[in-house]
Amino acid sequence: MIAPVSVLLVALAAHAPSAPPPAGAAQPVADVADATARFARAMLAHDVDGLVALTPAPFSFDGTSAKSVAEVREHWASLLDRHPLTGVRLYGIEVLPFAGMVQRYGPPPARLANLPLRQAMVGIANLGGHATLVLWRKRARGWQAFAVSD
0 MIAPVSVLLV ALAAHAPSAP PPAGAAQPVA DVADATARFA RAMLAHDVDG LVALTPAPFS
60 FDGTSAKSVA EVREHWASLL DRHPLTGVRL YGIEVLPFAG MVQRYGPPPA RLANLPLRQA
120 MVGIANLGGH ATLVLWRKRA RGWQAFAVSD
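If you read the sequence shown in numbering that gives the first Met the number 0, its first letter stands for residue 0, the second for the next number, and so on.
Hints in this document: simulated from the structure, not taken from any laboratory. Model, not experiment: these values are computed from the prediction. Hints should not be assumed to be uniformly reliable.
[What the hints assert, rightly or not] Computed beta-carbon distance windows for the label pairs: (1) Arg138 with Ser64: 28 to 34 Å; (2) Ala29 with Arg88: 18 to 24 Å; (3) Gly49 with Arg88: 15 to 21 Å; (4) Arg117 with Gly141: 18 to 24 Å; (5) Asp61 with Ala36: 16 to 22 Å; (6) Pro83 with Gln26: 19 to 25 Å; (7) Asn113 with Ala44: 17 to 23 Å; (8) Arg81 with Pro55: 18 to 24 Å; (9) Ser67 with Asn113: 15 to 21 Å; (10) Pro57 with Gly141: 17 to 23 Å.
[Claimed, not checked] Below, in silico cross-link-like pairs of lysine to aspartate or glutamate (EDC-like), each with a Cα-Cα straight-line distance of 20 Å or less: (11) Lys137 with Asp30; (12) Lys66 with Asp48; (13) Lys137 with Asp33.
Positions of the beta carbon are idealized from the N, C-alpha and C atoms, including for glycine.
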């Protein structure tokens, strides 16, 4: 878990809504927002199978790589057992390109430095007042999650 989550949430609350995305950027933002919402709902439902389907291997859990589907499944099962989400609500989703995330909140933690972040879109799900960041990359069949952090 990232210690400065409260700093991120305060920063999210303090900023006015972002300016409209540039022409042509609305669809990727909407697609990533929809995918992030599915991701958050799967977390809240403790749906390990759904999360595994949304997070193909290799997948980074806060900088720790799961290299196979079995490892991804083990990570999700362990995370959801350690951090029960019963009664937690999804309060909102924000989507930013990686550059916008850095501009607004500063550089990512060093443990994420080895990930291909420059072309990533960042979906931020506010789960019960705690930010969960899902990093997405464009693939031929749409946006694919490749990392999660909080």
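We went through each hint and held it up to the structure:
1. Arg138 with Ser64: 28 to 34 Å: violated, 18 Å
2. Ala29 with Arg88: 18 to 24 Å: About 22 Å separates the Cβ atoms of Ala29 and Arg88, which means 18 to 24 Å holds.
3. Gly49 with Arg88: 15 to 21 Å: holds, 18 Å
4. Arg117 with Gly141: 18 to 24 Å: Given about 19 Å between the Cβ atoms, the range holds.
5. Asp61 with Ala36: 16 to 22 Å: holds, 21 Å
6. Pro83 with Gln26: 19 to 25 Å: violated, 35 Å
7. Asn113 with Ala44: 17 to 23 Å: Violated, at about 31 Å.
8. Arg81 with Pro55: 18 to 24 Å: Given about 23 Å between the Cβ atoms, the range holds.
9. Ser67 with Asn113: 15 to 21 Å: Taking Cβ atoms as reference, Ser67 and Asn113 lie about 18 Å apart, which means the hint holds.
10. Pro57 with Gly141: 17 to 23 Å: holds, 18 Å
11. Lys137 with Asp30: holds, 10 Å
12. Lys66 with Asp48: holds, 17 Å
13. Lys137 with Asp33: With a Cα-Cα distance of about 14 Å, the restraint between Lys137 and Asp33 holds, given a limit of 20 Å.
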